[in-house]
Amino acid sequence: QKEVEQNSGPLSVPEGAIASLNCTYSDRGSQSFFWYRQYSGKSPELIMSIYSNGDKEDGRFTAQLNKASQYVSLLIRDSQPSDSATYLCAVNRDGATNKLIFGTGTLLAVQP
Amino acid sequence: DTGVSQDPRHKITKRGQNVTFRCDPISEHNRLYWYRQTLGQGPEFLTYFQNEAQLEKSRLLSDRFSAERPKGSFSTLEIQRTEQGDSAMYLCASSDWTSGLSSYNEQFFGPGTRLTVL
Chain A
23 QKEVEQNSGP
33 LSVPEGAIAS
43 LNCTYSDRGS
53 QSFFWYRQYS
63 GKSPELIMSI
73 YSNGDKEDGR
83 FTAQLNKASQ
93 YVSLLIRDSQ
103 PSDSATYLCA
113 VNRDGATNKL
123 IFGTGTLLAV
133 QP
Chain B
31 DTGVSQDPRH
41 KITKRGQNVT
51 FRCDPISEHN
61 RLYWYRQTLG
71 QGPEFLTYFQ
81 NEAQLEKSRL
91 LSDRFSAERP
101 KGSFSTLEIQ
111 RTEQGDSAMY
121 LCASSDWTSG
131 LSSYNEQFFG
141 PGTRLTVL
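Order-wise, the sequence lines are chains A and B.
If you're matching positions, the first sequence starts at 23 in the numbering used here and goes up one per residue.
If you're matching positions, the second sequence starts at 31 in the numbering used here and goes up one per residue.
Be a bit skeptical, because a hint or two may be false.
Stated by the list, open to error - Taking CB as the label site, the calculated pair distances span: (1) Asn88/A <-> Gln110/B: 16 to 26 Å; (2) Ser57/B <-> Arg99/A: 27 to 37 Å; (3) Ser92/B <-> Glu27/A: 22 to 32 Å; (4) Gly51/A <-> Leu90/B: 19 to 29 Å; (5) Leu148/B <-> Glu79/A: 44 to 54 Å; (6) Gly51/A <-> Ser35/B: 29 to 39 Å; (7) Lys44/B <-> Ser62/A: 23 to 33 Å.
Unchecked claim - Which bits of chain A does chain B cover? Going by a derived footprint, with three or more residues having C-beta under 8 Å, they are: (8) 61-71; (9) 105-119; (10) 122-131.
As the list claims (entries may be wrong) - Restricting the straight-line Cα-Cα distance to at most 16 Å, the calculated cross-link-like pairs of lysine to aspartate or glutamate (EDC-like) are: (11) Lys64/A <-> Glu82/B; (12) Lys101/B <-> Asp54/B; (13) Lys89/A <-> Glu27/A; (14) Lys101/B <-> Glu82/B; (15) Lys89/A <-> Asp49/A; (16) Lys24/A <-> Glu74/B; (17) Lys44/B <-> Glu136/B; (18) Lys87/B <-> Asp116/A; (19) Lys89/A <-> Glu25/A.
Worth flagging that the hints you see were computed from the coordinates, not collected in a lab.
Glycine is no exception: its CB is placed at the ideal position from the N, C-alpha and C atoms.
With these hints in hand, go ahead and build the complete structure from the sequences.
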């Protein structure tokens with residue numbers, strides 16, 4: 023079992039729709055969770071972080087965390103073609119090193 | 031620009047040559063991380079520094095790899111005797127680590143150095 027699992031996609035949504043991206047993790051002791059956006063050929067860009075169960079909203083983005091189910095999700099409202107990218111879920115298992123364990127990413131394609 | 035910078039952005043080398051990459055973190059950040067990313071995969075942790083101290087190295091980091099952060103500012107990653115399997119994007123990230131809030135430190139990535147070994 024991979025430590026962080028994501029559906030590789032592609033996830034195709036029409037412009038203006040809600041995109042829902044999911045991530046599961048295996049280490050129940052994981053402490054903090056991050057979503058990065060990565061355009062093709064570019065480096066990851068941090069878009070959301072979440073540490074407590076529940077929802078966290080930032081503009082069109084909402085991160086959801088359920089530690090009991092070991093599940094993190096990212097919702098993108100009013101999806102735009104510019105949101106088309108790979109979304110990487112990253113988990114911090116170790117509060118001392120803070121090294122991140124990444125999933126393989128989900129490719130999102132927003133259709134105009 | 032006050033973000034993380036990396037140099038060079040691209041490097042093409044022949045198998046067996048040595049290469050060195052540089053990373054300049056966000057100025058007030060005390061932690062610096064190196065990751066490697068291959069096509070279709072997420073970044074994989076290689077090593078990290080707190081100030082000038084290298085505190086952990088991944089098993090991925092063979093003895094051909096060495097990293098330094100001599101004055102706790104910029105860092106270099108050197109690969110000796112490069113192999114074709116070293117071809118990847120090498121990413122540097124920095125964070126402002128605070129004891130007691132360590133779990134919440136966000137890491138910000140530089141643009142990466144894409145290495146191609148022929």
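Worksheet item: Between Ser92/B and Glu27/A, does the C-beta distance stay in 22 to 32 Å?
Response: holds, 27 Å
Practice prompt. Decide if the proposed pair is consistent with the structure: Lys89/A and Glu27/A, CA atoms, cutoff 16 Å inclusive.
Written response: Roughly 15 Å separates the two Cα atoms, so the pair holds.
Worksheet item: Does Asp116/A lie within 16 Å of Lys87/B when you go C-alpha to C-alpha?
Response: holds, 14 Å
Worksheet item: Are Leu148/B and Glu79/A spaced within 44 to 54 Å by their CB atoms?
Response: Check passed, 47 Å falls within 44 to 54 Å.
Worksheet entry | 16 Å Cα cutoff - pair Lys44/B, Glu136/B | violated, 36 Å
Practice prompt. Would you mind confirming whether the straight-line C-alpha gap from Lys89/A to Glu25/A stays at or under 16 Å?
Written response: Measuring from Cα to Cα gives roughly 14 Å; hence the hint holds.
Practice prompt. Examine the region 122-131 of chain A: at least three residues should have C-beta closer than 8 Å to a C-beta of chain B.
Written response: holds (count 6)
Worksheet entry | Beta-carbon spacing of Gly51/A to Leu90/B - inside the hinted bounds 19 to 29 Å or not | holds, 22 Å
Worksheet item: Quick check: the region 61-71 of chain A, covered by chain B? Criterion 3+ residues, Cβ under 8 Å.
Response: holds (count 6)
Worksheet item: Taking 8 Å as the C-beta cutoff, is the stated coverage of the region 105-119 of chain A by chain B satisfied by three or more residues?
Response: Answer holds; 6 residues pass the 8 Å Cβ test.
Item to complete: Take a quick look at whether Lys89/A and Asp49/A sit within 16 Å of each other, Cα to Cα.
Response: Judged against 16 Å, a Cα distance of about 10 Å means the pair holds.
Fill in: Hint consistency between Lys24/A and Glu74/B [alpha-carbon to alpha-carbon, up to 16 Å]
holds, 13 Å
When each numbered hint is compared with the structure, violations occur for hints 1, 11 and 17.
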